[in-house]
Amino acid sequence: GESVGLHLPTLSVQEGDNSIINCAYSNSASDYFIWYKQESGKGPQFIIDIRSNMDKRQGQRVTVLLNKTVKHLSLQIAATQPGDSAVYFCAAPWGGSQGNLIFGKGTKLSVKP
Amino acid sequence: EAQVTQNPRYLITVTGKKLTVTCSQNMNHEYMSWYRQDPGLGLRQIYYSMNVEVTDKGDVPEGYKVSRKEKRNFPLILESPSPNQTSLYFCASSPTVAGEQYFGPGTRLTVT
Chain A
1 GESVGLHLPT
11 LSVQEGDNSI
21 INCAYSNSAS
31 DYFIWYKQES
41 GKGPQFIIDI
51 RSNMDKRQGQ
61 RVTVLLNKTV
71 KHLSLQIAAT
81 QPGDSAVYFC
91 AAPWGGSQGN
101 LIFGKGTKLS
111 VKP
Chain B
1 EAQVTQNPRY
11 LITVTGKKLT
21 VTCSQNMNHE
31 YMSWYRQDPG
41 LGLRQIYYSM
51 NVEVTDKGDV
61 PEGYKVSRKE
71 KRNFPLILES
81 PSPNQTSLYF
91 CASSPTVAGE
101 QYFGPGTRLT
111 VT
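As they're listed, the protein sequences go chains A and B.
Under our numbering, the residue at position 81 of the first sequence is numbered 81, and the numbers go up by one with no gaps.
Under our numbering, the residue at position 84 of the second sequence is numbered 84, and the numbers go up by one with no gaps.
Chain A with its partners taken away, still in its complex shape:
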């Protein structure tokens, strides 16, 4: 079946270092991919998305890379800060509808001061 998965359930980084969170997907027909951040006790918050016709997209301190050949995307956070501590989810459409989203199980990012 369709799946979107994250490679590591937890990631611990030193404040100021760069963080890389990975995600694999199975539906090659997905038109877009999204990264969300969820802080404890809150709903998910949009970080950045990327369309399937792009390889890279940059935001403020974040970069998403898409490798369609191996069905892999990654979220890179530059100069990680304590406020970046959260669970990060990738999401992508699956099945026949672009509105039908499947989320990865999440990677918990911990930032050490």
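None of these hints come from the bench; they were simulated from the model.
A portion of the hints provided could be inaccurate.
Capping the alpha-carbon separation at 27 Å, the derived lysine-lysine pairs in DSSO-like fashion look like this [said to hold, decoys possible]: (1) A/Lys42 with B/Lys71; (2) B/Lys69 with A/Lys105; (3) A/Lys56 with A/Lys108; (4) B/Lys18 with B/Lys71; (5) A/Lys68 with A/Lys105; (6) B/Lys69 with B/Lys17; (7) B/Lys69 with B/Lys18; (8) B/Lys17 with B/Lys57; (9) B/Lys65 with B/Lys18; (10) A/Lys68 with A/Lys56; (11) B/Lys69 with B/Lys57; (12) B/Lys57 with A/Lys105; (13) B/Lys57 with A/Lys71; (14) B/Lys65 with B/Lys17; (15) A/Lys105 with B/Lys17; (16) A/Lys71 with A/Lys56; (17) A/Lys105 with A/Lys42; (18) A/Lys42 with B/Lys65.
Here are the computed distance ranges between Cβ atoms for each label pair [claimed, not checked]: (19) B/Pro8 with A/Val70: 40 to 50 Å; (20) B/Lys57 with A/Asp31: 44 to 54 Å; (21) A/Lys56 with B/Lys18: 29 to 39 Å; (22) A/Asp31 with B/Pro61: 18 to 28 Å.
Short, incomplete list of chain B residues facing chain A, as computed with Cβ under 10 Å [unchecked claim]: (23) Leu11; (24) Gln37; (25) Gly42; (26) Ile77.
Ideal Cβ positions, reconstructed from N, Cα and C, are used throughout, including at glycine.
With chain A fixed as given, assemble chain B onto it according to the hints.
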């Protein structure tokens, strides 16, 4: 303030007692969706709606109903709740189907 609201935020109920969780957005978004979040399973989509009167099943629709009679509201209905529906529920909306989704604060439901 642009937001997605859910009510109630917390609910404890008993098996079989019908309940409705309301969701409302004030951003004139076309797309709305319901998710449940369980430990170890992440976020799973229950139902979504592309526009008024258009709803479709997500990943885990069994035991749930939705309706989209007007653009701003997308209630989640549990006709006969069971303990396996104990979960944290999120409603979300987006300007378009592939757009950034804005999530509500969540509803924590316990069914005993």
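Hints, verified against the model:
{"no.": "1", "hint": "A/Lys42 with B/Lys71", "verdict": "holds, 24 Å"}
{"no.": "2", "hint": "B/Lys69 with A/Lys105", "verdict": "violated, 32 Å"}
{"no.": "3", "hint": "A/Lys56 with A/Lys108", "verdict": "holds, 23 Å"}
{"no.": "4", "hint": "B/Lys18 with B/Lys71", "verdict": "holds, 24 Å"}
{"no.": "5", "hint": "A/Lys68 with A/Lys105", "verdict": "holds, 21 Å"}
{"no.": "6", "hint": "B/Lys69 with B/Lys17", "verdict": "holds, 23 Å"}
{"no.": "7", "hint": "B/Lys69 with B/Lys18", "verdict": "holds, 20 Å"}
{"no.": "8", "hint": "B/Lys17 with B/Lys57", "verdict": "holds, 23 Å"}
{"no.": "9", "hint": "B/Lys65 with B/Lys18", "verdict": "holds, 11 Å"}
{"no.": "10", "hint": "A/Lys68 with A/Lys56", "verdict": "holds, 11 Å"}
{"no.": "11", "hint": "B/Lys69 with B/Lys57", "verdict": "holds, 17 Å"}
{"no.": "12", "hint": "B/Lys57 with A/Lys105", "verdict": "holds, 20 Å"}
{"no.": "13", "hint": "B/Lys57 with A/Lys71", "verdict": "holds, 25 Å"}
{"no.": "14", "hint": "B/Lys65 with B/Lys17", "verdict": "holds, 14 Å"}
{"no.": "15", "hint": "A/Lys105 with B/Lys17", "verdict": "violated, 30 Å"}
{"no.": "16", "hint": "A/Lys71 with A/Lys56", "verdict": "holds, 14 Å"}
{"no.": "17", "hint": "A/Lys105 with A/Lys42", "verdict": "holds, 16 Å"}
{"no.": "18", "hint": "A/Lys42 with B/Lys65", "verdict": "holds, 24 Å"}
{"no.": "19", "hint": "B/Pro8 with A/Val70: 40 to 50 Å", "verdict": "holds, 44 Å"}
{"no.": "20", "hint": "B/Lys57 with A/Asp31: 44 to 54 Å", "verdict": "violated, 20 Å"}
{"no.": "21", "hint": "A/Lys56 with B/Lys18: 29 to 39 Å", "verdict": "violated, 49 Å"}
{"no.": "22", "hint": "A/Asp31 with B/Pro61: 18 to 28 Å", "verdict": "holds, 22 Å"}
{"no.": "23", "hint": "Leu11", "verdict": "violated, 17 Å"}
{"no.": "24", "hint": "Gln37", "verdict": "holds, 9 Å"}
{"no.": "25", "hint": "Gly42", "verdict": "holds, 4 Å"}
{"no.": "26", "hint": "Ile77", "verdict": "violated, 20 Å"}
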